[in-house]
Amino acid sequence: MNSLTLSLMPALSAKAIVIGWLLLPFLAAFLAAVLPPLARWLSLLCCLATAAIAVAIQLGGLPATVELLGAYGVALNTDAFAVPFLLLNALVCSAVVLDSWRRPLPGPFLLLLMVLHGGLSTAFVVIDLISLYVTLEVVGISAFLLILISRSDRSLWVALRYLLIGNTVMTLFLIGAALVYLERGSFRFEAVASTTSVAALALILVGLLMKSGLFLSGLWLPVTHAEAPAEVSALLSGVVVSAGIAPLLRLSGGVPALGPVITGLGLASALLGVVFALADADAKRLLAWSTLSQMGLVALSPLAGGFYALSHGTAKAALFLVARRFPSRALQGWRERPLPAGVWWPLGIGALSIVGLPPLAGFAAKAGLSGGLSQPLEVAVTLLSMGTAAAYARFWGAPLLRRPASVDCPSAGARGEASPEPAWSPGVLLLLLALLLIGAASLPWIASPASAAAKSALVLLGGWGLHHLLEGERWRERLWLPELEGFSDLLGGIGVVGAGLLVILNR
Amino acid sequence: MDPFRLLELLILGAVLAGFAGLLLHRNLFFKVMCMDVTGSAVVALFVLVGARSGLRSPILSAAAGDPASAGQGAWADPIPQAVILTAIVIGLSIQALLLVVITRLSRIDPSLDLASFDTGGKR
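Chains as they are written, first to last, in numbering that gives the first Met the number 0: chain A, 0 to 506; chain B, 0 to 122.
Keep in mind that the hints were calculated from the coordinates and are not lab data. It is possible that some hints are incorrect.
Cut-off 20 Å, straight-line C-alpha distance, at most; resulting in silico cross-link-like pairs (EDC-like, lysine to aspartate or glutamate) [claimed, not checked]:
id, chain 1, residue 1, chain 2, residue 2
1, A, Lys14, A, Glu66
2, B, Lys121, A, Asp488
3, A, Lys14, A, Asp127
4, B, Lys121, A, Glu182
5, A, Lys14, A, Asp78
6, B, Lys121, A, Asp281
7, B, Lys121, A, Glu482
8, A, Lys454, A, Glu377
9, B, Lys121, B, Asp108
To list a few chain B residues with every Cβ distance to chain A over 12 Å, as calculated [stated by the list, open to error]:
id, residue
10, Gly49
11, Gly53
12, Arg55
13, Ser56
14, Ile58
15, Ser60
16, Trp74
17, Ser110
No residue lacks a Cβ here, since even glycine has one placed at the ideal position from N, Cα and C.
Whole structure, please, built from the sequences with the hints as guidance.
Structure, rendered in structure tokens:
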């Protein structure tokens with residue numbers, strides 16, 4: 000394989016390959032607008048190209064940095080750091096396309112998906128602030144249009160809120176970029192690393208923290224991810240949040256001053272997400288709060304974060320894809336409602352992977368993450384994982400539906416829907432397969448598998464116990480949590496995080 | 000006072016005014032306008048950063064003399080200006096999209112009051 004990529008190299012220069020790969024989704028989107036029957040195949044082609052590039056980078060077939068247009072031009076880092084994020088992008092986007100293969104899709108869905116895919120791929124390889132700004136805005140606009148695709152009154156407000164907050168923080172990000180340029184004369188990440196302007200760092204962080212859904216800057220996330228249609232939720236929770244966290248990890252790896260700050264924010268975000276996930280009564284909102292918490296764990300380690308984001312995004316996308324077929328979104332009385340096998344198994348496997356059961360991908364990700372952390376942090380992560388397990392324990396215990404649903408309700412056929420959906424969605428199957436394969440393939444790299452497995456069993460047991468404690472004592476009803484998701488709370492949260500960053504970084 | 004600092008402070012004031020308006024206005028239309036105030040202030044900041052080294056447009060022409068003297072002239076820095084062009088286009092398109100959504104929302108509540116849409120975490 001390696002020799003094959005190397006022998007292909009002379010024919011096509013690395014620069015041409017990278018440019019072609021990044022342009023492909025946008026060209027394909029234009030072509031799909033002209034030739035709609037091709038749209039599904041074109042979007043799969045884009046995902047395949049991204050996966051191929053990720054494999055080529057991993058095998059050393061591409062140079063780590065591609066410079067475009069000389070000194071003042073743009074540089075792209077196609078390095079090992081980007082590989083898990085690119086794989087995640089390819090997996091989640093192709094799973095969403097496959098999941099909706101048999102269903103008619105609302106007009107521009109696939110077109111927007113391709114633009115989103117292209118924007119995300121670019122966001123994972125750029126290393127300067129302005130390219131990052133442009134790609135984040137492309138991702139934001141296409142996510143906004145995707146949320147609007149259901150055309151309900153509620154989605155209008157949710158989408159408006161998302162783009163209004165997103166654009167406000169991105170203008171703040173631009174101010175940070177201008178301050179870096181004023182001091183260093185460059186927009187590159189290296190210039191950010193050497194800047195002495197605390198305000199610039201704080202403003203850039205405010206932008207990236209909001210995009211990655213961390214701590215108080217991420218309070219917009221639960222409503223947006225829960226109210227969007229299932230396919231869009233899968234995209235948002237699976238990969239779109241990674242567009243913020245990947246550059247954040249790149250920066251925190253390069254700027255020593257940021258390390259402890261981002262670790263603190265990550266822990267706070269993980270705790271906030273777990274507490275709200277434990278208290279929420281809605282299934283999709285529980286998944287969304289869990290995204291906020293898991294992104295906090297990703298932020299803890301620049302080295303292991305990418306792989307953690309890959310395993311979390313794959314599992315979370317599968318969970319959101321099956322959320323479309325939940326009998327009800329209410330978690331009250333979840334155990335009385337039987338689930339069909341095509342929902343029951345993905346729900347179990349996805350949740351177990353996020354909790355970290357071997358041999359799924361989440362186990363290797365958790366082991367890799369704790370390997371690089373200090374002792375107190377490792378304990379905190381284990382405790383937070385127990386909370387996550389307790390949150391997901393609410394999904395387990397529903398009985399498995401033995402008969403197909405269509406026999407039970409004859410009205411389904413009378414409604415005039417084209418064909419009954421297959422019991423298993425191919426997209427979800429792809430994601431589950433990926434979870435198993437990635438998990439199994441990375442098992443040999445785990446430093447001490449026995450202790451990691453013991454820890455995972457401990458986390459599961461602890462989570463199960465915590466779940467029963469919460470259920471038995473009826474704490475959920477007594478628990479009082481502040482209402483933090485109003486529009487002014489979101490802006491206030493961003494303001495508080497920005498001011499806090501200024502104070503902490505100034506010390 | 001250094002005029003550069005003074006202009007920088009004015010721009011900072013405009014950014015803060017936009018952010019405060021976004022927080023305080025109850026009408027969604029005004030919220031979007033306030034976001035635009037912040038955006039315009041950022042454009043002004045980039046123009047100011049570009050003008051730090053001089054005010055002459057960085058375009059070489061036969062009348063302006065030979066390119067060799069370009070280094071000594073008080074040219075404006077072209078990079079921030081080029082960068083902000085992209086940001087202006089993005090800001091404009093985002094504003095257009097937001098206004099389209101606001102016209103749709105005005106069918107639900109013509110007064111566009113935040114309270115009639117913002118239900119927090121409740122559905």
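We went through each hint and held it up to the structure:
no., hint, verdict
1, Lys14/A with Glu66/A, "8 Å, holds"
2, Lys121/B with Asp488/A, "14 Å, holds"
3, Lys14/A with Asp127/A, "18 Å, holds"
4, Lys121/B with Glu182/A, "45 Å, violated"
5, Lys14/A with Asp78/A, "14 Å, holds"
6, Lys121/B with Asp281/A, "10 Å, holds"
7, Lys121/B with Glu482/A, "9 Å, holds"
8, Lys454/A with Glu377/A, "11 Å, holds"
9, Lys121/B with Asp108/B, "19 Å, holds"
10, Gly49, "9 Å, violated"
11, Gly53, "15 Å, holds"
12, Arg55, "19 Å, holds"
13, Ser56, "18 Å, holds"
14, Ile58, "17 Å, holds"
15, Ser60, "21 Å, holds"
16, Trp74, "14 Å, holds"
17, Ser110, "15 Å, holds"
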